[in-house]
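Engineer: As a plain string of letters, each chain reads:
Number of protein chains: 2
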Amino acid sequence: MDRTNRAAVLNETHDPTARSLVQSANDDAAFPIQNLPFGVFRENLGARSRIGIAIGNCVLDLSAIWRKGLLSDLADLVPAILAPNLHKLMERGQQDTSRIRHRLFKLLRDTNPAPRLVLDCLLPVNEVEMLLPCPIGNFTDFFTSIHHARRTGELARPGNPLFPNFKSLPVAYHGRASSVVVSGTPCIRPRGQLGAPEGQSRYQPSRRVDFELELGCFIHSGNRLGSPISMDAVEEFVFGVCLVNDWSARDIQRWESQPLGPFLAKSFMTSISPWVVTLEALAPFRIPPAQREPDDPPLAKELCADWHNATGGIDISFEVLLSTREMRSRAMEARPITRTAFREQYWSLFQMIVHHTSNGCNLQAGDLIASGTISGADPRESGCLLELTQGGQPSVELPTGEKRGYLEDGDCVTFEAICQRDGFRSIGLGSVTGRVAPRSGE
Amino acid sequence: MDRTNRAAVLNETHDPTARSLVQSANDDAAFPIQNLPFGVFRENLGARSRIGIAIGNCVLDLSAIWRKGLLSDLADLVPAILAPNLHKLMERGQQDTSRIRHRLFKLLRDTNPAPRLVLDCLLPVNEVEMLLPCPIGNFTDFFTSIHHARRTGELARPGNPLFPNFKSLPVAYHGRASSVVVSGTPCIRPRGQLGAPEGQSRYQPSRRVDFELELGCFIHSGNRLGSPISMDAVEEFVFGVCLVNDWSARDIQRWESQPLGPFLAKSFMTSISPWVVTLEALAPFRIPPAQREPDDPPLAKELCADWHNATGGIDISFEVLLSTREMRSRAMEARPITRTAFREQYWSLFQMIVHHTSNGCNLQAGDLIASGTISGADPRESGCLLELTQGGQPSVELPTGEKRGYLEDGDCVTFEAICQRDGFRSIGLGSVTGRVAPRSGE
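Residue numbers (numbering that gives the first Met the number 0), protein chains in the order written: chain A, 0 to 441; chain B, 0 to 441.
One should not assume that every hint holds.
Given that identical chains are not distinguished, each listed pair holds provided it fits within a single copy or across any two copies.
Result set (SDA-like, lysine to any residue): computed pairs, CA atoms no more than 20 Å apart in a straight line [as the list claims (entries may be wrong)]:
(1) K67 to A79
(2) K87 to P134
(3) K300 to S200
(4) K402 to A333
(5) K166 to E343
(6) K105 to A74
(7) K166 to Q203
(8) K166 to D295
(9) K166 to R201
(10) K300 to Q203
(11) K300 to P163
(12) K87 to N222
(13) K166 to R253
(14) K402 to L320
(15) K105 to I80
(16) K300 to R201
(17) K402 to R334
(18) K67 to S48
None of these hints come from the bench; they were simulated from the model.
All chains, full assembly: derive it from the sequences and hints.
Structural biologist: Next up, the structure:
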């Protein structure tokens with residue numbers, strides 16, 4: 000099989016004319032039959048968690064589909080399909096995920112001669128609880144938007160914003176895996192030491208809670224310790240993508256980060272969207288990676304590949320919405336405060352993974368890799384308040400007349416993302432949302 | 000129950016006159032009956048892993064002891080005792096670990112009237128394979144030796160070695176959990192980008208591979224997200240300690256670390272010793288924490304406690320041994336190159352844990368927390384080559400006439416640790432060892 004663009008090759012599941020027997024899917028902006036993202040849900044608090052697929056405004060219950068005998072040609076995948084989360088499926092390879100996708104595409108298409116059997120396995124998405132897709136093994140957070148690096152760097156080091164390594168390698172740090180939570184979990188305002196001017200040694204509630212808009216990627220199968228992943232093979236290691244809000248406490252971060260980087264400024268919580276959109280679903284939206292600038296240092300050959308020059312990028316557009324307690328009390332809709340895109344990211348998801356394993360580090364199924372804040376060239380396309388407000392100036396204006404520098408208690412932040420391309424059906428990543436809350440007693 | 004020093008209270012298991020029916024334990028420097036550390040072993044490659052206890056030069060097989068009916072009063076702990084690793088036991092509380100310790104102490108003591116039943120459950124430690132104590136959830140690495148901070152800081156910023164936060168909080172970063180391995184695993188020399196002077200964008204084998212001598216701590220039970228652990232409760236969250244070698248590639252580290260800290264410079268591998276010495280076993284060796292210096296900033300009240308003033312420290316002495324290929328070919332013993340101690344660590348294990356959760360971050364059973372490099376006031380007490388050789392000068396002299404700045408292929412690094420105190424039986428942590436090897440093809 001030709002290695003070139005294998006994961007970017009189009010097939011019948013990308014056919015823009017395909018319609019689903021689930022009517023809501025045919026009008027849905029995020030979850031038409033061309034998407035079919037994987038997630039984990041339960042029907043109520045005591046119920047066992049199960050794997051589902053988003054289709055329109057419904058969840059297709061994979062366990063139920065199996066019990067109906069509709070997956071009999073996938074018998075070897077039963078332990079993964081009936082598992083309480085996606086970890087076993089992530090341990091397998093991309094071919095297996097693709098077999099499930101193709102089978103479900105046939106079942107959910109409006110050409111299915113026995114639609115009743117499938118319709119019986121649907122649950123309204125607003126009647127189930129979505130859970131984390133899998134236990135998060137390791138969480139790695141990159142720093143790959145040159146616009147984010149420049150604007151935040153300019154605040155800290157005017158005139159000298161980019162560190163010398165930025166254009167040579169995708170910078171990253173290890174994040175905290177235990178505090179990755181699913182969309183909807185309240186974000187308890189963290190306490191911490193806020194630095195010398197504010198009293199070095201007292202722990203107090205952070206005054207500079209921020210969001211960071213990021214793209215997350217779940218790892219398929221993994222590599223052995225000591226065996227790096229090459230650009231030639233890297234696509235096989237991408238299970239799929241989700242939205243990530245890497246909540247950050249800027250005052251804690253500034254004081255604690257020398258010399259080892261962010262720690263408690265990030266580890267209080269990281270939120271992800273519940274649906275994982277597979278790399279195969281993203282095939283129509285693969286584009287060339289961002290152009291390097293003329294005076295950039297030479298790119299390491301380990302981070303290059305012919306296929307990558309053609310399809311190393313992924314075209315995903317994002318929107319960040321903010322709603323305050325006051326806005327909700329006046330029944331106002333959440334206000335978009337940023338629109339940006341992944342296409343300008345200086346390093347691609349694939350380069351992040353290859354660099355990550357270049358030292359022999361082993362990635363494992365269920366690991367989460369995030370892109371770092373996604374910001375565009377225009378300051379209005381900034382993926383965090385630190386940039387949008389130039390360090391916390393109360394400059395984000397809301398329809399109530401309220402202004403925001405950083406987040407206040409009650410503020411609800413929502414990210415949404417969509418992939419669009421002429422001649423193809425759009426697909427979405429869904430949303431990740433979270434509301435800032437005071438710690439009880441504060 | 001009085002909270003003061005609960006975990007530091009002495010009981011019959013610390014009786015220095017107690018002797019074991021396992022003769023080798025009575026002469027053993029590390030594993031007498033007063034120690035009883037937990038580990039995980041298997042008899043051969045295909046065998047199921049089981050929990051064992053180190054006693055002298057043997058492993059006591061807990062599954063076998065259970066089958067003999069000798070743990071019938073611990074029936075509620077069977078799922079933890081028969082588990083393939085220590086995770087289930089770590090999920091329980093300190094009381095349960097203590098019940099097992101007290102039961103085994105009675106069984107292994109030379110006053111046991113039925114020694115045969117116990118002796119049947121012993122295996123020579125050199126005939127089994129030791130494994131990781133549990134799957135590592137999250138790995139957090141601190142930076143808590145002021146001598147290490149000063150000496151490495153002096154190399155990077157002469158005259159201004161300590162960052163302003165060092166004396167206000169225990170600095171840390173998230174480490175990579177997937178590449179934590181058990182003692183004996185070869186350390187494959189990592190490749191990486193080594194920075195501008197050496198060719199910014201080429202990946203090549205690191206020339207500056209170093210060890211870092213650290214103390215590790217496994218977490219008991221854990222806390223909920225948003226609920227910090229207080230100094231009053233923190234001892235209950237310590238399962239036990241082990242040795243950690245946080246292998247580091249100094250050239251990769253220097254180039255990649257801005258602004259987010261070390262990443263690939265550390266994640267290629269971290270080695271730990273196989274035996275976990277419980278906090279209860281360490282009770283005789285609890286001492287006051289290191290003295291703060293007269294001009295230190297005030298300590299946050301959240302990091303203070305009366306009991307901590309008396310027993311917040313742990314007195315553990317360490318030795319680092321180096322053996323080269325040449326030394327082994329001439330049948331020379333490994334050479335001690337550092338002797339140091341944990342007693343001068345600026346922040347205690349307990350303060351590290353309390354600070355770690357101060358923002359609401361949740362710790363989980365099986366998480367590994369490491370102290371950062373342990374270095375004493377004298378430069379000869381340095382816990383890494385970066386310090387010992389002042390940045391890689393070939394100044395460590397070996398009996399073959401070889402000199403070392405950083406580690407060369409074939410070099411074997413071993414850490415050993417022991418706790419000693421007048422009037423008490425010494426106990427050891429065992430050892431962690433690893434040999435640097437080139438990647439195949441290099």
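Engineer: Does each hint hold? Answer for all of them.
Structural biologist: So, going through the hints one by one against the coordinates:
1. K67 to A79: Classified as within: same-chain Cα gap 17 Å, cross-chain 38 Å, threshold 20 Å.
2. K87 to P134: both (11 Å within a copy, 16 Å between copies)
3. K300 to S200: between (47 Å within a copy, 8 Å between copies)
4. K402 to A333: Answer is within; shortest intra-copy Cα gap is 14 Å, inter-copy 66 Å.
5. K166 to E343: within (14 Å within a copy, 41 Å between copies)
6. K105 to A74: within (17 Å within a copy, 52 Å between copies)
7. K166 to Q203: This pair counts as between: shortest inter-copy Cα distance 18 Å, intra-copy 37 Å.
8. K166 to D295: within (7 Å within a copy, 40 Å between copies)
9. K166 to R201: This pair counts as between: shortest inter-copy Cα distance 13 Å, intra-copy 38 Å.
10. K300 to Q203: For K300 and Q203, the Cα distance is within 20 Å only across copies (12 Å; inside one copy 47 Å).
11. K300 to P163: Answer is within; shortest intra-copy Cα gap is 19 Å, inter-copy 40 Å.
12. K87 to N222: Answer is within: at 15 Å inside a copy they meet the 20 Å cutoff, but 27 Å across does not.
13. K166 to R253: between (23 Å within a copy, 16 Å between copies)
14. K402 to L320: within (14 Å within a copy, 61 Å between copies)
15. K105 to I80: within (17 Å within a copy, 48 Å between copies)
16. K300 to R201: between (49 Å within a copy, 8 Å between copies)
17. K402 to R334: Only inside one copy: K402 and R334 sit 12 Å apart there, 65 Å across copies, limit 20 Å.
18. K67 to S48: So K67 and S48 pass the 20 Å test inside one copy only (19 Å; across, 39 Å).
Comparing the model with each earlier hint shows no violations; every hint is respected.
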